[in-house]
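What follows is the residue order along each chain.
Protein chains: 4
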Amino acid sequence: MSKQMPIAHPFDDDKLREECGVFGVVGLKDAANFVALGLHALQHRGQEAGGIVCHHPEHGFNNARRFGYVRDNFTKESLMSTLPGPLAIGHVRYSTAGSKGQTAIRDVQPFFGEFSMGGAAIAHNGNITNADSLRRELIERGSIFQSSSDSECIIHLMARSLQRTIPERMEDALRRVEGAFSVVAMTRTKLIGVRDPLGVRPLVLGKLAEGWVLSSETCALDIIGAEFIREIKPGEMVVITAENGVESHFPFRPQPSKFCIFEHVYFSRPDSSYGGRSVYETRRQIGVELARENPVDADLVCAVPDSGTPAAIGYSQESGIPFAMGIVRNQYMGRTFIEPTEQIRNMGVRLKLNVNRALIEGKRVILVDDSVVRGTTSRKIKEMILDAGAKEVHFRIASPPTAWPCFYGVDTPEREKLLAATMNEDQMAEHLAVDSLKFISLDGLYRAVGEPEGRNKKCPQYCDACFSGEYPVRPADMIAKGFELKAAE
Amino acid sequence: MSKQMPIAHPFDDDKLREECGVFGVVGLKDAANFVALGLHALQHRGQEAGGIVCHHPEHGFNNARRFGYVRDNFTKESLMSTLPGPLAIGHVRYSTAGSKGQTAIRDVQPFFGEFSMGGAAIAHNGNITNADSLRRELIERGSIFQSSSDSECIIHLMARSLQRTIPERMEDALRRVEGAFSVVAMTRTKLIGVRDPLGVRPLVLGKLAEGWVLSSETCALDIIGAEFIREIKPGEMVVITAENGVESHFPFRPQPSKFCIFEHVYFSRPDSSYGGRSVYETRRQIGVELARENPVDADLVCAVPDSGTPAAIGYSQESGIPFAMGIVRNQYMGRTFIEPTEQIRNMGVRLKLNVNRALIEGKRVILVDDSVVRGTTSRKIKEMILDAGAKEVHFRIASPPTAWPCFYGVDTPEREKLLAATMNEDQMAEHLAVDSLKFISLDGLYRAVGEPEGRNKKCPQYCDACFSGEYPVRPADMIAKGFELKAAE
Amino acid sequence: MSKQMPIAHPFDDDKLREECGVFGVVGLKDAANFVALGLHALQHRGQEAGGIVCHHPEHGFNNARRFGYVRDNFTKESLMSTLPGPLAIGHVRYSTAGSKGQTAIRDVQPFFGEFSMGGAAIAHNGNITNADSLRRELIERGSIFQSSSDSECIIHLMARSLQRTIPERMEDALRRVEGAFSVVAMTRTKLIGVRDPLGVRPLVLGKLAEGWVLSSETCALDIIGAEFIREIKPGEMVVITAENGVESHFPFRPQPSKFCIFEHVYFSRPDSSYGGRSVYETRRQIGVELARENPVDADLVCAVPDSGTPAAIGYSQESGIPFAMGIVRNQYMGRTFIEPTEQIRNMGVRLKLNVNRALIEGKRVILVDDSVVRGTTSRKIKEMILDAGAKEVHFRIASPPTAWPCFYGVDTPEREKLLAATMNEDQMAEHLAVDSLKFISLDGLYRAVGEPEGRNKKCPQYCDACFSGEYPVRPADMIAKGFELKAAE
Amino acid sequence: MSKQMPIAHPFDDDKLREECGVFGVVGLKDAANFVALGLHALQHRGQEAGGIVCHHPEHGFNNARRFGYVRDNFTKESLMSTLPGPLAIGHVRYSTAGSKGQTAIRDVQPFFGEFSMGGAAIAHNGNITNADSLRRELIERGSIFQSSSDSECIIHLMARSLQRTIPERMEDALRRVEGAFSVVAMTRTKLIGVRDPLGVRPLVLGKLAEGWVLSSETCALDIIGAEFIREIKPGEMVVITAENGVESHFPFRPQPSKFCIFEHVYFSRPDSSYGGRSVYETRRQIGVELARENPVDADLVCAVPDSGTPAAIGYSQESGIPFAMGIVRNQYMGRTFIEPTEQIRNMGVRLKLNVNRALIEGKRVILVDDSVVRGTTSRKIKEMILDAGAKEVHFRIASPPTAWPCFYGVDTPEREKLLAATMNEDQMAEHLAVDSLKFISLDGLYRAVGEPEGRNKKCPQYCDACFSGEYPVRPADMIAKGFELKAAE
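Residue numbers (this note's numbering), protein chains in the order written: chain Z, 1 to 489; chain D, 1 to 489; chain S, 1 to 489; chain A, 1 to 489.
In short, the hints are calculated from the structure, not lab data. Hints are not guaranteed to be accurate.
To be verified - Distance windows between CB atoms, simulated: (1) Z:K481 - D:N346: 27 to 35 Å; (2) Z:E339 - S:R176: 27 to 35 Å; (3) D:F483 - Z:K391: 49 to 57 Å; (4) A:E414 - D:E140: 42 to 50 Å.
Stated by the list, open to error - Residues from chain Z shown here face chain D by an in silico Cβ test under 10 Å; the list is partial: (5) F67; (6) I229; (7) L432; (8) M478; (9) I479; (10) A480; (11) K481; (12) L485.
Beta carbons are placed, not taken as given, at the ideal position from N, Cα and C, and that holds for glycine.
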């Protein structure tokens, strides 16, 4: 499968990757068609596979799961006509790094379970940090798992709950679950949305005509012309029917919220918004803060496209140094070409990016990128820029050093592969052999996302574990496997 | 085929489209692998199909032609291993509007012919304006055509030439041909490049290690790390061997050159360069000129992505009005989704673009686009911007009104479908219902491409027939079919 | 999927169809390759899909399930290399008539379950007649079913068993199950085979070098060169390891055996053997009995190919009337062609069979077929024979009238669609408008399969429910759905 | 492509193979659908690829060429709806041994040419023995060949003819051509059939309602329900229109006819007929002659299925030794499986055939096969029979020793690979290590095909070059490549 896998970000092998997007609709004719559009708009959150489950009063539950892009599967009349009814949910996913080789279609969500009171389907964005022990316990009691996905635990916990309604069983199940989760689920008549008590992953509510919509991001409301109503609150469960609208519950013990700050930095689409401000504008503001914290004299500000562009624009506007498209991304990226000879230096990079030599030659260039993970790509881009004749190369990074893996639904390399886990800023600059390398500070990032006082050290306003190593939920399974938390200071 | 066809520009159904790209290599091991990379970099010049012919001293000529993207076909070891040898040429193509429905794999270039002195392959970017009459004449004499392509004439003319070498036969053939052509051809030992006497389509020469490269654009030299040597001159034929390097001939009667000015405006990649200046920089300069000619008071300058971006940056820099990503392009564009209801306004546009509502709301927006062809897309984009709450919308177009079809290798609608063929600027503004609509002037465009005095009316420095209606080569076949030239003034 | 499905028997839409074949190997390197060959030899028992599960000490369990023929899937190096290890089982299947439209890859066996003491896989030939009530009960207790297959019950029953070893859990599970089953299963180290107490479906044991083999039929032992050891006995469970060989248990209450007599008539391959006699020879003997019971004066004996051929040869040998290939089967059968006009009479038949007109013309023809189910095909074949100029057509059927559906793993139409359910022999002859139509008697059939005294009415030696309506196991689920058993006489 | 190629005869790698079948229809609505059916019935004459060209008064000429079986391509509504009109021709083909690796879709017939008086398409069964020199001559004059097929010469000769109508140009062209050809061709209004002066390859005329049909064999008339009218005569050209019916010409110098005797032995389907006698009956008669010439005492007569069956039946009937299905063919043959170990003896054979062990054991077996080419298969089958316990194996071959290659449209190995080229009957028996091996005599074969006096040595009634080495047309190209004719006696 991996060979057939389309790749969207030029260097997503050297990026953190969101692992899932969820979308659900109730109260609109042919809901699955809306879900297909919504998943298409959320494709950046998961490009490996997608699935839709729907329900029709006469035709019951139907589902389809496919590897590949939404646009290549859920656009076919022959498929979509098998997905009738006014209620549907969907999911796009990456595999996690570990299980990638073995990904099977049965790992593709939504998962479906037949209970004695009827069927239910569930789609999950996030990661369950105690999935291993839950799984062991459930197998011990006679559950048969059909996938390697942590999310399947939720269905089995529901099947064994003693509660009588499906929403109550879901509450029961989710109270046993630790970690980050934004869940979109459905019964024959209800669309259900839940966010974990910390609200790590996003989930928003929209309205279109007589129908209701749940989505990971607002950009997917836009594509179907739905109105943004509000974000689902941390720890909230909403149960929605076409007839009675939205009922809200808070089944979990309240906790201070910890939204993932990396959604602002990289994961979310620039045209999504949180708290009334577009992600683009937040990223531009990160560039502004970055320019204030780390000025340098230069001729041009260039972005590593496309994700570095908003911060580069902000940097340019704050610094007064002109922005230019010094690196151009090949829009037909994709598979791996056969390398003809070793004479082609950095062929992998050239396939995806090209330096605008005539612009760059002889110039002092500021390169703005969103993050540095392994550092492998940064090195190659620097070489391309120098090959093209740049006089100086100054990296400015729109996030703090990524020093810790994420266990809440993001695919990160093991800690030892993160460049920032073993080097400080200066060591990284030397390692990459650039004229300078500067990251935005954690406080600067908090200011850019709208916290004028910066980070609250006592109780950070966001989950920033990937930068700080402070994990708001104990990663139990990982600790059992030997992961060591940051020593208390 | 058409349903499977990927679409790269968000609205290329409302754009002029380059129809071909050519690439050739001699003197490098496994030349076909280099050609695959070159064609990948030229994919924007033709996305429907691609072909490669190569020659190996032992295995002779081999070829492969495929519908679809280069990256999806010419990356497979199983295919590429059938294309050995140090000499190869390739071609990417669009079908022309007319024959689209009937495009067959046999219309995919390069074309190959077996002559008594050996085989030759030929790939052609441009359009032969007297192909119909040549074809009739050749059939009358017993030639069997295997494709509907105008380019096949060249092979048949070569087959019937009385000259003794293949390059001489090619000269013979090309002297009978009218129109625009940049040709890359090969025999068992020679790589051949030819540009028509006017030099309408581009062709450049590069060098990599012991090998030589011909390419439509410089960006395809970059991808394989080849050094740019020079442009092939209008009317020049180069015959290249690994042993003797480049021999240059000028087989045609000299004429003033007429490079296609639209290559600067839209066709070429922004990271290609002509005359030492990057296309990006030229487009930015068009934005500067546009701002000088057509200023307007506003809050934001936004581009219609991606092709309007460089001019929008130029407009912003010249006017001082901040640039912002007010419209975001969905990077997973593609097939047509099933429209769930009529409640989704402008769904076609929403699939490809999304307005950054939080940025746009309440703002006066300048929208910079590269061209207006039918005007259908401009109208929809304006509606999206207004739906998102913009207070004013001012269109600024980085090219003069497109009022005439191209007959030199570009796919244009019939004249009556070009908005500018029947309306002036004010009528178009009214038709599109925007607050203002302004095009760059023809003189402004000439200044931006590096002619400080503007357009030489007596003998224009470029082919600008699509703007001016002044065709440097008489389009004989089209006139025979009833096309009326602009009345002499 | 259904359109792509190859069809092997010329008129299997008018035949009873075996629903499954099973095969397993332990103690041979790359056991999955042997299983692929075995399934290929059992393809006639199930053509819709196939699956293999295997185990390797280092690589653990692996599996692959595919729609389509074994030869089209399990021959690819890329797939087979993912199935390592010395222990493997496999399954080929038809869908049952009911669920055909909804067949999903998750219905394809073997099924796999992870238990606390390790994983196990199971493949099942037969049908569980109390599956519906078992399923309801298991869901009530919290089991999540992933397929619509009756066989999945076995895995869930095993998961909930209180026994400590997998073979013991399987005994536990199978004691709850009613109906017909020949099961091949595996753990990490054991190959397990079980036949239901009646022994309705076949299962044989073979040996190859150091390894052991279980197979539905002997023909699949032949393909891998394995030696036939013996049949697994009704009610027997064998647990086989490479080290200790075959252990035999009898976990069920003993009952008189009831092997399916239709395996002799039609399902099994002619080169398989039961009780030391080849199925071909038994079928030839049926033809001999048929000739004795129902002689007629004629010129030629022809078979409805291919399944009628052995009985036709026997009929010819007994009657002295020459055998001839009066009907020739098109070996490239397959998909449905577009019917060009209504001028083509019986096009469906012509695609599959052609009458040898020059042989048939003016002749009195005896046509030997294996069975009459709906009678639709018999009618068309008769018309073709008459169109070709035959003077008389006498049908001789190598099985008694099929008047009752099978509930033990064979796909039969509903009772009302069986021609023999509503007509006696004479009525059928009239209905088909043939000169005569005669079936072998039930006693004649028993004689041919080796019971010189014929059928033991008190306790029939075989399951012949499809002819007699006497069901050896009460079809509980079907009765719950309204099926009426034959009234006691 | 070759890996995907389905294989129909169990050992067609050790058989002579017919290379083509042709079919044409005029005067029936949607003629292409009839052609699809006809080609399906002729699939045994060419399984690699098929093509159809058709003409519709409004939609002009259309065509489709596909690799693979007719049933897999020309049954799709999406394809067939692109082939409208009342006039169509088609072709199925094998590649010849030599060019197999390079077979391209452009080698798939029918070939189409646009002449000044309109288009024409042509499909050819046979082989042009002077194609090489014709090709050289045509290239010299400026023709561009698009395929490696000998048949393309005919189109180019037609293009250069000075005649004014297409039928006249075809006569002109075919008079330059040497070898064997049965041609079906079409213009916009005419269906044309031609047989070479010797009539080596078959071609028959049929009638269906208002329409006319041309076909390689009568079995393809049967499939569409057309009436057999007559065979096209050697040297005859028929020009057929819906309005005027059949016009007959004899454009070539008359010669004694030389129909290919191997069409009777192996190529044609058993349900086709020549001269009013079915091929099945002829083959049965060969068996009768074989039994008379070569009797032996034995227990069973078995056929090597399926092609040896009619002769085996004849042998059994003449000898009185019972016929039995001692070898059963796997009807799901196809691709190559991965050989699990070397423990499987003769795996290639086992995949295709299985010996009915219970029948064979301890028996003296006569095995009837249609021919011996390389002898590789005969050897393996003998081993299987002995492995199964046969006491004696006697081969009886239904054709004389195949000692010479065919140059008239049949794929034969080079002479040195033909077993009979270097060994006599006894040597072959010893080489194959069988108890006896006997071929039918050439005279016996002539008697069986209806020549009571046997072969006319002065002027043989058939082409039997593969047995006798007497080539009725000088194979000019092969002689130029070094082939040595049999020395005159």
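Here's how the hints hold up against the structure:
Checked against the hint of 27 to 35 Å, the C-beta distance between K481 of chain Z and N346 of chain D comes to roughly 50 Å, which is inconsistent with it. The beta-carbon spacing between E339 of chain Z and R176 of chain S, approximately 60 Å, falls outside the hinted interval of 27 to 35 Å. Taking the beta carbon of each, F483 of chain D and K391 of chain Z are about 53 Å apart, inside 49 to 57 Å as hinted. A hinted range of 42 to 50 Å for the beta carbons of E414 of chain A and E140 of chain D is consistent with their spacing of about 44 Å.
Here the hint on F67 of chain Z is broken, as its CB sits about 15 Å from the closest CB of chain D, past 10 Å. At its closest, the beta carbon of I229 of chain Z sits 14 Å from a beta carbon of chain D; the interface hint therefore is violated under the 10 Å criterion. Among the interface hints, the one on L432 of chain Z is violated; its C-beta lies about 21 Å from the nearest C-beta in chain D, farther than the 10 Å criterion. This hint is violated: M478 of chain Z has a C-beta 32 Å from the nearest C-beta of chain D, more than the 10 Å allowed.
About 37 Å separates the beta-carbon of I479 of chain Z from the nearest beta-carbon of chain D, more than 10 Å, and the hint is not met. For A480 of chain Z, the interface hint is violated, since its Cβ never comes within 10 Å of a Cβ in chain D; the closest pair sits about 38 Å apart. Nearest Cβ of chain D to the Cβ of K481 of chain Z: about 35 Å, over the 10 Å cut. The hint is violated. Below 10 Å, beta-carbon pairs count as interface contacts, and L485 of chain Z has none with chain D, the closest being about 37 Å; its hint is therefore violated.
Hints 1, 2, 5, 6, 7, 8, 9, 10, 11, 12, counting from the list given before, are not met by this structure.
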